[in-house]
Amino acid sequence: MKDYFGIKPFGATPNQRQLNHLGKMYKKAFFHFGVNTFSNLEWGDGTEAEKMFDPTDLDVRSWIRDIKAAGFQLAMMTAKHHDGFCLWPSKYTEHSVKNSPYKNGKGDVVREFVDACHEYNVKVGLYISPWDRNSEYWGTDEYTLYYAKQLEELCTQYGKLDEIWWDSAGSGETPYDWGNWAYIVRNNQPDAVCFGSIGATPYIDVRWCGNESGYAGETHYASTDEESISTLHPTDMDRLRNNTGIIGGERYLPAEVDVSIRPGWFYHADQDDKVKSARELDKIWFRSVGQNAIMLLNFPPDTTGHLPAQDVKNAIESNQRINKMLSVNYAVNADVSADSTYCKESRIEKAILDDDELFWASAEGKDSAIINIVLPDDAPEINVLKIGEKVELGERITSFKLECLDGETPEALLECTSVGYLRAERFKTGKYKKLRLTLNAIEAPVTLRVLALHTYDEDGEEEARLAALAKRENLAEMKSSKISYSEDGLTATINFGGIYPFDTISFNMKYQGDYKVCAFDGANFYEIANGWEGDYIVDLQLDKVIDSSCQIQIWCNTGFREEPKFRIL
Numbered sequence: 016m017k018d019y020f021g022i023k024p025f026g027a028t029p030n031q032r033q034l035n036h037l038g039k040m041y042k043k044a045f046f047h048f049g050v051n052t053f054s055n056l057e058w059g060d061g062t063e064a065e066k067m068f069d070p071t072d073l074d075v076r077s078w079i080r081d082i083k084a085a086g087f088q089l090a091m092m093t094a095k096h097h098d099g100f101c102l103w104p105s106k107y108t109e110h111s112v113k114n115s116p117y118k119n120g121k122g123d124v125v126r127e128f129v130d131a132c133h134e135y136n137v138k139v140g141l142y143i144s145p146w147d148r149n150s151e152y153w154g155t156d157e158y159t160l161y162y163a164k165q166l167e168e169l170c171t172q173y174g175k176l177d178e179i180w181w182d183s184a185g186s187g188e189t190p191y192d193w194g195n196w197a198y199i200v201r202n203n204q205p206d207a208v209c210f211g212s213i214g215a216t217p218y219i220d221v222r223w224c225g226n227e228s229g230y231a232g233e234t235h236y237a238s239t240d241e242e243s244i245s246t247l248h249p250t251d252m253d254r255l256r257n258n259t260g261i262i263g264g265e266r267y268l269p270a271e272v273d274v275s276i277r278p279g280w281f282y283h284a285d286q287d288d289k290v291k292s293a294r295e296l297d298k299i300w301f302r303s304v305g306q307n308a309i310m311l312l313n314f315p316p317d318t319t320g321h322l323p324a325q326d327v328k329n330a331i332e333s334n335q336r337i338n339k340m341l342s343v344n345y346a347v348n349a350d351v352s353a354d355s356t357y358c359k360e361s362r363i364e365k366a367i368l369d370d371d372e373l374f375w376a377s378a379e380g381k382d383s384a385i386i387n388i389v390l391p392d393d394a395p396e397i398n399v400l401k402i403g404e405k406v407e408l409g410e411r412i413t414s415f416k417l418e419c420l421d422g423e424t425p426e427a428l429l430e431c432t433s434v435g436y437l438r439a440e441r442f443k444t445g446k447y448k449k450l451r452l453t454l455n456a457i458e459a460p461v462t463l464r465v466l467a468l469h470t471y472d473e474d475g476e477e478e479a480r481l482a483a484l485a486k487r488e489n490l491a492e493m494k495s496s497k498i499s500y501s502e503d504g505l506t507a508t509i510n511f512g513g514i515y516p517f518d519t520i521s522f523n524m525k526y527q528g529d530y531k532v533c534a535f536d537g538a539n540f541y542e543i544a545n546g547w548e549g550d551y552i553v554d555l556q557l558d559k560v561i562d563s564s565c566q567i568q569i570w571c572n573t574g575f576r577e578e579p580k581f582r583i584l
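Take our numbering: the final residue in the sequence shown is number 584, and no numbers are missing along the way.
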């Protein structure tokens with residue numbers, strides 16, 4: 016391990032594969048593309064005919080050009096989703112592109128994708144679903160060998176790969192040989208990171224953030240424990256730990272914040288008016304990259320094989336605004352001083368240079384620090400603080416506070432917890448002269464590899480927020496929503512056809528009685544409300560927004576009225 020002036024690491028620290036991702040691949044694009052694109056489903060059941068896959072004008076190179084223009088450094092594609100359809104001509108199944116009309120069965124979308132990434136100098140990721148609803152072997156010991164052969168095809172025939180993505184959906188208790196699969200990746204693609212959970216946990220480099228809504232926790236450490244990410248049936252505490260991490264945890268596993276630019280992961284024409292705005296994408300950047308995580312934004316190609324223009328436009332607009340913000344560090348021309356320094360090679364000026372090889376550290380034995388910043392008279396209005404730790408020495412900071420000292424008493428601008436590799440936080444826009452940054456750590460010394468002050472352009476932000484609120488609609492009545500009932504009529508399942516946030520639920524029971532409401536987290540249904548209602552009308556205002564669910568189940572022991580009037584907002 017490299018020596019950093021004799022400072023000993025604290026807790027878990029990143030390996031070289033992870034370090035390569037932290038600074039160079041913090042924005043990743045996801046492409047969900049396959050038979051679901053043409054069946055209008057999110058999860059195919061594996062019975063879809065291969066002839067359904069028939070893009071009329073597929074141009075994978077345009078995908079990569081588009082997302083590179085929007086600032087993404089890695090592209091990930093669903094080489095095989097849960098339906099088992101392979102976008103490469105795998106010799107181990109007939110359920111693949113080789114039996115589709117695309118290029119008369121001679122096409123290889125994975126080849127086109129990887130080659131395009133290499134052409135445009137974009138890193139390559141492949142999503143390869145362990146769950147295969149088409150394979151006759153799935154759920155048996157034979158399947159683990161079948162999957163290994165397909166994984167080996169991808170890891171040996173397509174050149175350099177930078178990430179392998181293992182989705183845990185549908186794979187709870189299936190007997191997989193994760194060790195063998197991980198060996199295939201490590202042996203053939205040694206620089207690639209692996210994403211996964213449950214049984215894959217011992218072999219992964221990056222983890223899930225605990226939701227599919229675009230945010231890491233307000234407190235968010237990369238370090239965590241094995242139990243929270245490997246559990247088959249996660250509790251609320253497990254989801255929380257995935258979203259927050261644990262300081263001093265046993266594994267350093269940066270979280271990927273996976274979210275779609277649309278409600279669905281695959282393309283659906285009826286969601287063309289539900290694309291996240293550029294301002295919403297800004298918010299996702301702050302709540303993922305800006306909260307010590309990695310942004311993984313999904314762009315569903317349409318049935319022609321192109322990315323919809325509005326999706327690309329919004330992503331580029333967001334990237335331009337974030338890049339403009341980051342382009343100027345107003346701390347560079349400020350008078351910056353720290354109350355202590357570990358050694359002359361780790362002075363506070365090192366952090367202002369934003370160079371991963373340089374950093375500041377507080378004096379030996381000091382687990383807190385005060386940094387004073389005096390801005391020049393001609394400094395503009397600012398509203399963003401960006402700081403980051405030297406994570407090769409571990410995540411140490413437990414809290415920080417930014418204060419303005421221009422008045423008679425200090426004015427608190429920010430009070431936050433974790434930092435990690437990168438923390439970017441907005442505060443009240445103003446023209447400040449004197450600022451004070453206070454850092455507290457669990458272990459001495461405190462370190463910073465970056466210290467920056469920026470200006471985020473807020474023009475039009477409020478108008479965009481109000482426009483988004485005006486578009487809110489009853490999720491149960493959308494065209495994409497489907498309502499089904501159990502045979503006994505006591506349980507209603509409402510599938511939204513995509514992920515939408517909600518915090519209000521109402522429905523009509525047949526008579527007074529007990530009820531229970533559960534939300535789906537991508538793998539399991541978990542309870543979000545229950546009770547007894549003396550009237551037949553149930554109106555629920557949840558304590559928190561459920562923002563990572565594509566469907567809910569409502570159970571009533573008396574059943575529902577003929578017109579249950581489901582209302583979900």
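I should point out that these hints are in silico values taken from the structure, not numbers from a laboratory.
Be aware that a few hints might be false.
[As the list claims (entries may be wrong)] Quick list of in silico lysine to any residue cross-link-like pairs, SDA-like style, CA-CA up to 25 Å:
(1) Lys-121 with Gly-86
(2) Lys-497 with Lys-446
(3) Lys-289 with Arg-487
(4) Lys-486 with Arg-201
(5) Lys-298 with Glu-233
(6) Lys-113 with Gln-88
(7) Lys-580 with Lys-446
(8) Lys-39 with Phe-53
(9) Lys-175 with Ile-199
(10) Lys-42 with Pro-395
(11) Lys-298 with Thr-413
(12) Lys-328 with Lys-559
(13) Lys-525 with Leu-484
(14) Lys-118 with Gly-86
(15) Lys-401 with Tyr-345
(16) Lys-39 with Arg-201
(17) Lys-17 with Thr-356
(18) Lys-443 with Asn-489
(19) Lys-113 with Asp-60
(20) Lys-298 with Gly-320
(21) Lys-531 with Leu-484
(22) Lys-164 with Ile-213
(23) Lys-446 with Trp-570
(24) Lys-486 with Glu-502
(25) Lys-328 with Gly-86
(26) Lys-486 with Lys-446
(27) Lys-66 with Tyr-107
(28) Lys-121 with Lys-446
(29) Lys-525 with Lys-486
(30) Lys-559 with Glu-577
[Unchecked claim] For each label pair, taking beta carbons as the anchor points, the in silico distance ranges come out as:
(31) Glu-372 with Tyr-135: 24 to 30 Å
(32) Gln-335 with Arg-201: 49 to 55 Å
(33) Gly-549 with Ala-483: 32 to 38 Å
As the structure is a prediction and not an experimental result, all values here were calculated from the model.
Even for Gly, the Cβ is constructed at its ideal location relative to N, Cα and C.
Hint-by-hint comparison with the structure:
| no. | hint | in the structure |
| --- | --- | --- |
| 1 | Lys-121 with Gly-86 | violated (32 Å) |
| 2 | Lys-497 with Lys-446 | violated (52 Å) |
| 3 | Lys-289 with Arg-487 | holds (10 Å) |
| 4 | Lys-486 with Arg-201 | violated (47 Å) |
| 5 | Lys-298 with Glu-233 | holds (13 Å) |
| 6 | Lys-113 with Gln-88 | violated (30 Å) |
| 7 | Lys-580 with Lys-446 | violated (52 Å) |
| 8 | Lys-39 with Phe-53 | violated (34 Å) |
| 9 | Lys-175 with Ile-199 | holds (14 Å) |
| 10 | Lys-42 with Pro-395 | violated (28 Å) |
| 11 | Lys-298 with Thr-413 | holds (23 Å) |
| 12 | Lys-328 with Lys-559 | violated (32 Å) |
| 13 | Lys-525 with Leu-484 | violated (32 Å) |
| 14 | Lys-118 with Gly-86 | violated (31 Å) |
| 15 | Lys-401 with Tyr-345 | holds (11 Å) |
| 16 | Lys-39 with Arg-201 | holds (21 Å) |
| 17 | Lys-17 with Thr-356 | holds (20 Å) |
| 18 | Lys-443 with Asn-489 | violated (34 Å) |
| 19 | Lys-113 with Asp-60 | holds (19 Å) |
| 20 | Lys-298 with Gly-320 | violated (28 Å) |
| 21 | Lys-531 with Leu-484 | violated (28 Å) |
| 22 | Lys-164 with Ile-213 | holds (22 Å) |
| 23 | Lys-446 with Trp-570 | violated (55 Å) |
| 24 | Lys-486 with Glu-502 | violated (35 Å) |
| 25 | Lys-328 with Gly-86 | holds (12 Å) |
| 26 | Lys-486 with Lys-446 | violated (35 Å) |
| 27 | Lys-66 with Tyr-107 | holds (18 Å) |
| 28 | Lys-121 with Lys-446 | violated (62 Å) |
| 29 | Lys-525 with Lys-486 | violated (31 Å) |
| 30 | Lys-559 with Glu-577 | violated (30 Å) |
| 31 | Glu-372 with Tyr-135: 24 to 30 Å | holds (27 Å) |
| 32 | Gln-335 with Arg-201: 49 to 55 Å | violated (38 Å) |
| 33 | Gly-549 with Ala-483: 32 to 38 Å | holds (37 Å) |
The structure does not agree with the numbered hints 1, 2, 4, 6, 7, 8, 10, 12, 13, 14, 18, 20, 21, 23, 24, 26, 28, 29, 30 and 32 stated previously, though it agrees with the rest.
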